[in-house]
Amino acid sequence: MADTVSELDINKLLDIETISREAVAEIKQQVLGSIENRRIFDKKIESLDEEIKKESDGAKLKDQKLVLGICLWVIGKTKEAIGLLNDIKTRKIGSYYLGKCYQECGDYKNALGCFERAKKSEGEEFDICMDIAETKITAGDVNDALKIIKNFSPAHNNSAELHYQWGRCLEAQGEYKEAYEQYDKAIQIEPTHAKSLFQLAFNYNMDGEDDRAIEYYERCVKLSPAYKNAYMNLGILYEDKGKFDDAVFCFEAVLDADPLHERALFCLKSAKASSEMFFDEDISKKQGQESEVLNIPISDFELSVRSRNCLEKMHIRTLKDLTKISEPDLLTFKNFGETSLNEIKAILAQKGLQLGQSIEGNNSEKFLGRKTGYSKRTKS
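Numbering-wise, numbering that gives the first Met the number 0 puts 169 at position 170 of the sequence shown, and it's gapless, one number per residue.
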């Protein structure tokens, strides 16, 4: 069970004197990995917002804006975070998270400027340089990004992030085989490297290798926090495979985190409709098979002359007629004894039927063995 945010002690992790990227990453993982953690964190944000409104001390106000800006970035409210972090961009950590906000908003020029200011010294801060490389790749400056990556390669060849960014560069250059090799290296180094798993899943999906795509998406969604798009894409693949309950589970997982996610709402409705349609068709098919069996005439079976004559006199002409009469009723008929009874029971058993089953209850349930239907998959 994941720790709650309160157990992690938000105030300690976000202490202005010791705040670090590692602490923020720890909080983000916990907050996005649990609905309860998110609720606690939202209350923390509300509290910070109220404190800012009341604060008159300029230095404390900047500290509070820094913390609130980072918190807003954690939950994806990047535009609101930019408004706060812009006032704190002279601080390296403030500049770093302002850069992350700009990066996610597609403002790559400002993102790069912020990341450069966030570095402690030229050539240091490997993690920030990977952010710079990623921003350059997304902005289309692949060659420059590749130079940064190759420069760090000798000292950081055991970094999953480095091989992931290298793979993205190669993919952008059309070197797809080599890109796959880099992504594979990344997950060999770090089997839970989410970005590499997602990229492999996405690429296999685009290449039409759905089973491989499902394999990597399933690994993605087991991580905490998991990408919404991993759940969405996996749900769509499940639906294409006819695994409607699994698809519903994926779309509901997205809606648990984001109840207004329009695409998830649409896909959930579609998956449920497909599930019900599939269920109806399946039941209709089974009922058709049942009807076909029940309407088989008695004359199709080898019976003794005595048994056949008795059934004809009782106007029993099909297997369905036999399911409507009980064993005691048959035995009350003149000349119908245990031998004839055993003959009848034997031919019914061949078809999975029994005497009097329609009298005992719903015939379709008896024939199908159990009532089946749509069952929502539960979360473990």
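Since the hints were derived computationally from the structure, they do not count as laboratory data.
Any given hint could turn out to be false.
In silico lysine-lysine, DSSO-like type, Cα no more than 27 Å apart, as pairs [unchecked claim]:
id	residue 1	residue 2
1	LYS59	LYS27
2	LYS319	LYS344
3	LYS118	LYS221
4	LYS76	LYS146
5	LYS221	LYS271
Numbers of unmet hints, in rising order: Hints 3, 4 contradicted; others consistent.
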